[in-house]
Amino acid sequence: KAGVTQTPRYLIKTRGQQVTLSCSPISGHRSVSWYQQTPGQGLQFLFEYFSETQRNKGNFPGRFSGRQFSNSRSEMNVSTLELGDSALYLCASSPDRGRDTEAFFGQGTRLTVV
Amino acid sequence: GNSVTQMEGPVTLSEEAFLTINCTYTATGYPSLFWYVQYPGEGLQLLLKATKADDKGSNKGFEATYRKETTSFHLEKGSVQVSDSAVYFCALSRNQFYFGTGTSLTVIP
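Chains as they are written, first to last, in the numbering used here: chain L, 2 to 115; chain R, -19 to 89.
FYI, nobody ran anything at the bench for these hints, they're computed from the structure. Keep in mind that the hints are not guaranteed to be accurate.
[Unchecked claim] Covered, in the sense of this in silico footprint (three residues per stretch, anywhere, with C-beta under 8 Å from a C-beta of chain R), are these stretches of chain L:
id, stretch
1, 32 to 46
2, 76 to 88
[Stated by the list, open to error] Taking CB as the label site, the calculated pair distances span:
id, chain 1, residue 1, chain 2, residue 2, range
3, L, Asn57, R, Ala33, 22 to 28 Å
4, R, Ala33, L, Gly63, 37 to 43 Å
5, L, Asn72, R, Gln25, 22 to 28 Å
6, R, Pro20, L, Leu12, 16 to 22 Å
Model, not experiment: these values are computed from the prediction. Cβ atoms here follow ideal geometry from the backbone N, Cα and C, with glycine treated the same way.
Chain R with its partners taken away, still in its complex shape (with noise of 0.2 Å):
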C-alpha cells in the first residue's frame, strides 16, 4: 500500500538553526512527493515538490531531494526564521494524496 511517516514532533529551534524533518514513504509504484506546509487557523500550502528519483525540490530556503533507495524525502533549511513557526506534511501522490502525521516547529528568537 502507500502511506507516508514523519518524525514525531513537536520540534522548537532557535532562530538560525538548521532544520530536518524526516520523512519516509511506503508506495507501489513511482510516487512523487510532496511537502505542504501549514499556518494556524490556515489550509495546507505547497512549499516544494518532487517528481522523480534523484529530483531535488526547493522553495523559500527549503530543500529536499527525492531519494528512491532510502525511500525518503527529508525537509531541511539551513536557517530557520521565527515565520518559519508552522505544521509540516510530507506526502506522496498516486490517485490521491496521502499525507504524514505532521511535524509541528516552533521557532523562538
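Just chain L, with the same shape it has in the complex (with noise of 0.2 Å):
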C-alpha cells in the first residue's frame, strides 16, 4: 500500500508569492491533516479535512487555507507569503481521525521564502 504522497519536496518561493503544497493520501483514508513544523515552534496544527469539509482548523491567519478533493488528495495554499512562514509542511492521513486513530505522515514539503 503506498503511503501519504507529498508534492513537491521542496519549494523557495520569494516574499508576497503564494504557494500550493499536495497531498495524496493513503487509499482509503478519508481524513488528512495538515503541520507545520519549525524549529522555534514545534509541529503546529493548521486544519483537517473529511470527506471535503474542513472539520477542524488551528490558529493560522487566513492566507493559510486547504482543500480536499472527492478522492481525499488535499492541497494547501499559503498567499502573500512571509519569511516566517519557511517551515517543513507535513501532511498526515487517517482513516478517520477519532481519538484513538493514528496519523500516517508524509514526508513533508520543505518551503523556503526568500
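Dock chain to chain to rebuild the complex, using the hints, since each chain is given by itself in its own frame.
Shown next as C-alpha cells:
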C-alpha cells in the first residue's frame, strides 16, 4: 500500500508570492490533516479535512487555506508569503480522526521563503 | 487546554545504554497518547500508542505506559542502538494531535 505522498518535496518562493502544496493520502483514508514544523514553534496544527469538509482548524491567519477533493487528495495554499512561513509542511492521513486513530505522515514539503 | 511537555534534548547515549525520555501531558477528558519518531529528512512515523490509563504501548524494544495519576507517558528502551538516533515526539490526540517539542537522540558506538 502506498504511503502518504506530498509534492513537491522542496520549494523556494519569494516574499509576497503564493504557494500550493499537494498531499495524496493513503488509499481509503478520508481524513487529511496539515501541520507546520519549525525549529522555534515545533509542530503546529493547521487544519483537518474529512470528506471534502474542513472539520477542524488551528490558530493560523487566513492566508493559510486548504481544500480536499472527492478522491481525498488535499491541497494547502499560502498567500502573500512571509519569511516566517519558511517551514516543513507535513500532511497526515487517517481512515478517520477518532481519538484512538493514528495518523500516517508524508515526508513533507520544505518551503523556503526568501 | 491540551498540551504536551517533553524533556529537553539533545540526548547523547552510548550504544546499549538505557533510554528514558520524559513526557507529561495536560488534557481535557481522556486522550490517547502516542510516541512518534522522525529520522533526518523524513516525516513522522508512529512508534507506539496507548489509548487508556495503564495501557502499555510497545514496539521495536521501546515501551511507554499511560499513567493517568501522574499524567505521564515516558518512553523507555533497555538497550539503544545507533539506528535509534532520531527525534522523538510525544503527542496526545483529541480532535487533533498536540505534539511536544521533540527530543533529539544521538547514539554513539
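Report the numbers of all earlier hints that the structure fails to satisfy, in ascending order. 2
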